[in-house]
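The lines below spell out each chain.
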Amino acid sequence: MAKLRLDRIKPLVALCAFLLAWWIIPTTVKSFLKASFSEFQAPAWVATSYLDDLENFWARRSHSKVELIEAGREVARAKSLYQFNSQRKETLENEIQRLEAILNLPSRREFRYEVARVVRRDLNAWWQQIVIRKGKDFDIPVGAAVVFSGGVVGRVVEVGAFTSRVELVTSPNFRMAANFEGDKRPVVYQGLPQSGFGDPLGAVHDAPQDVLASTQRPLKLLSTRLGGTFPPGLMIGRVSWLEPGNTGIFQAGEVELDDRLLSLHEVAVLIPLYPIDLQDDVP
Amino acid sequence: MSGYDIHRGENPRIIFFFWIVMAATATLVLGLGWRQLIAAHKYEEIEKRQTERRVLKPGARGDIYDRKGNLLVGNRAHYSAVVYLDDLRREFREEYSKIIRAERAALKETYQLTPLKEREDSQLTPDYNELQWVARQNVIQRYIDQINLITGRDDAVSTRTIIRHFNEQLLLPLPLVSDLKPDEYARLIEQVPVQSPIQIHTDTARYYPYGVAAAHTLGYVQKVNPDPDTIPNDGIKTYTFKSKIGKTGLERSFDELLSGEIGAEIWRVDPLGFQDSLLDGKTPRQGEDLITSIDIDLQMAAETALGERTGAAVALDVRTGEVLAIASHPSYDLNDLSPFIPRKTFGEINERGAWLNRTLQLSYPPGSTFKLLTSIAGMRHGTLTLQTEHDCQGVFRLGNRIFHCHARYGHGVVDEAAAIEGSCNIFYYAEGLRMGIDVLSAEAKRFGLAERTGIEVPYETKRLVVPTKDWKRERVGSGWVPGDTVNTAIGQGFLLVTPLQMATFIASIARDETRTQPTLRALSYVEAQQVNHGGEPVGLTRNQRAELWEGMERVVGDGGTGRLVQIDGLRIAGKTGTADFRAHGKEVNLAWFVGFAPVENPQIAIAVMVEGTSSLDSYHGGSTAGPVAKDIFLEFIEHYPERAGFQVAR
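Line by line, the protein sequences are chains A and B. Numbering-wise (the numbering used here), the first sequence opens with residue 157 and increments by one. Numbering-wise (the numbering used here), the second sequence opens with residue 766 and increments by one.
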């Protein structure tokens, strides 16, 4: 009888022993174990992602020739537009460099970019983090800015061998400096807890009192180079209203974010070409 | 039946103890009732005092605008990185344990190495109190190092600062790094994790979009602890953030209006004094805005025209007395004094003598601009008529003294208008003597030159001198001599006035009254219609006034001393002045110009004074002060063409 009772509580004892061990072992070991587990899982995520791509490829192969020709034309048109924009950008960059040389100005921070596929997005942390398919193998650094065609996506918070974890702009743990379009004064953007899969929202605070926003004329909230992570002018969201904050000095409001953040497939990581120089960099 | 029951009611000892127990119980019950029902309020109060803390947060100050709604003084964000010590308690404990272990190990080692004979004197117990502060400092410094790494700063915290904060401001955040620049603020926002105990605290600092413009008049603020009278006296311990009070200028005069409403938070604290929960809160409110009479375009014109020279310029609305521009040089950028005045900046401003508001804090001899008053006094007294003429040969002999005219070979025969036009000293020496100092002084006093103007800016000088015989006897200790009268008649001698006074004087002449009440508040339409300057009509006949004004207009004419002020299409009446002045132990020139325009319907009155700073400076009213006034007149035409009498295409 006594033996039977002991058998019954064996799993409980094991669980308690595990929890006790987990509680006792040092934080560094815990971090190592967590990272190892993540690295162990990563190849599976990457493989799944490649399989998805292959699946998409075969799905496209099943399209008719006419559809493919039309798609090819679209691609050609887009490519020529991008080539044109690229040349224009190059000309402008040369012009900026020339003017900087004349005015003896320090150069702005420059970035290279790495385009990466999104390989994982947990349902229970949909608006908090994503995992992308590039890591140390592409020299992705922690803290790098992540963007997409709609603007800011987030910031790299963890880098594995082949994958990186990105804190999304929608996460309450994400905070960045920003400014309103046409106004150089910095304000603070921070993600908010999201409800379900509706339109994503963020919060802006420390907005000066003379900034006016309305639903008729929403203000664009853009990234600023002041923080050192993001290049300037990237879209964060739109602000339709601002109200006095709890300090009675500044205003606070909600930011309507790009709804394409709901379904991200591909993002670009902006990697600084050289380390930030706190003294000489243009803020 | 027990033994006790047998004796119940009979044994007097039991009865005695029974009643003792009853009395004691009744006492306890009554005591409990007293404390719970009657004295409860008292205990509630004590409990409240012990467990509640109040945090007062001052509201932002109101903004100051010019008459057209341009922001002159606003609030900018003032960022600092702070930490609430409550959030660091666990780290303090861990660091303390670590330090204690290390210290004990070190002491033990020292003890073991100490020879046996000396062991009795060696200390084995560490100083726990000191180590506690060291632990706290280490933890806080680690956070500051993190900030330094992100911002490139080199800040540190001292144990003294931490002890003071613990003892006096435990509920308030401890500033780690103050006065962050916008880029440092932005870097911290992005690179300090959201969960970090480091918080970015946003306060306000005064912001002056126009920098040096009207710096002395607008004034600056200083951070102070709030007035103890504003703190509720209910026994709850109160912590206060510093508030700002106006130290000078309009910030001081309108401090009550501009000061924001203080907000308050009531916190429940734990036995160690750290915050537990927020019980109540009231948001601070920004103070009221102030709209001034200053026109920033005219102000900037005055500032630019004065340039690097030392001096002052004041422009008044003739009708209302509203100050349109008021500039004093050398000046300082008010932004350099916000959020606090660095010692180096203070010293540098002090060295340049820039703290002084030369429009109203210093008084100067008015020079030949005073001849207008001599003319008015003479005409009212009857000694100066429209037919009066004097022959100016360049010198005027009085007893054995010779007084010169600035025209070496004289002006020849001049009447009043010509004397004003050419600023003939000889004419006014003679007229001064004819009317005497009593008449001259009385007239100057009638125009308010012996009194402060009462403008809303503090520290207006009391050193205003309109000399009389009694004044000289009392202050100088000698009797009045005719030489004093001739000097006074041309605005020299003991006479001392401020540029603001001269602006009110010329505005009064333009309105044909004796007083002008200057104001820095923008008046509403109704208020402007009801302005009472408190004076009386000057008392000249139409012809006398015409003669005076003709002379003044001729000053700005082709042959006048103020010809450089001429503007096509604008009739200006003015008077130049060049005075000798002793400042900083040397003789220097003072250049003056006072005038108003347009003559047919006076709207703006200007007084300009430029002060020489070295004996080598050769300043003259017409060539030095005149062009400054001209620039202000030009700006007035550009922004108020209709008032200046120019046709405006609609």
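Hints may contain errors.
[Claimed, not checked] Taking lysine-lysine pairs in the BS3-like style, the calculated list, with each CA pair at most 25 Å apart, reads: (1) K1007(B) / K946(B); (2) K376(A) / K946(B); (3) K863(B) / K186(A); (4) K946(B) / K340(A); (5) K1109(B) / K946(B); (6) K186(A) / K340(A).
[Said to hold, decoys possible] Calculated Cβ distances over 12 Å to all of chain A for the following chain B residues: (7) R819; (8) G839; (9) T924; (10) D948; (11) V957; (12) G1324.
[Unchecked claim] On the chain B side, residues computed to face chain A include the following (Cβ under 7 Å): (13) R952; (14) G1112; (15) I1114; (16) E1116.
No lab work stands behind these hints: they were computed from the structure. Glycine residues also receive a C-beta, built at the ideal position from the N, C-alpha and C atoms.
Task: Indices of hints not satisfied (ascending) - done: 6, 8, 10, 11, 14, 15, 16
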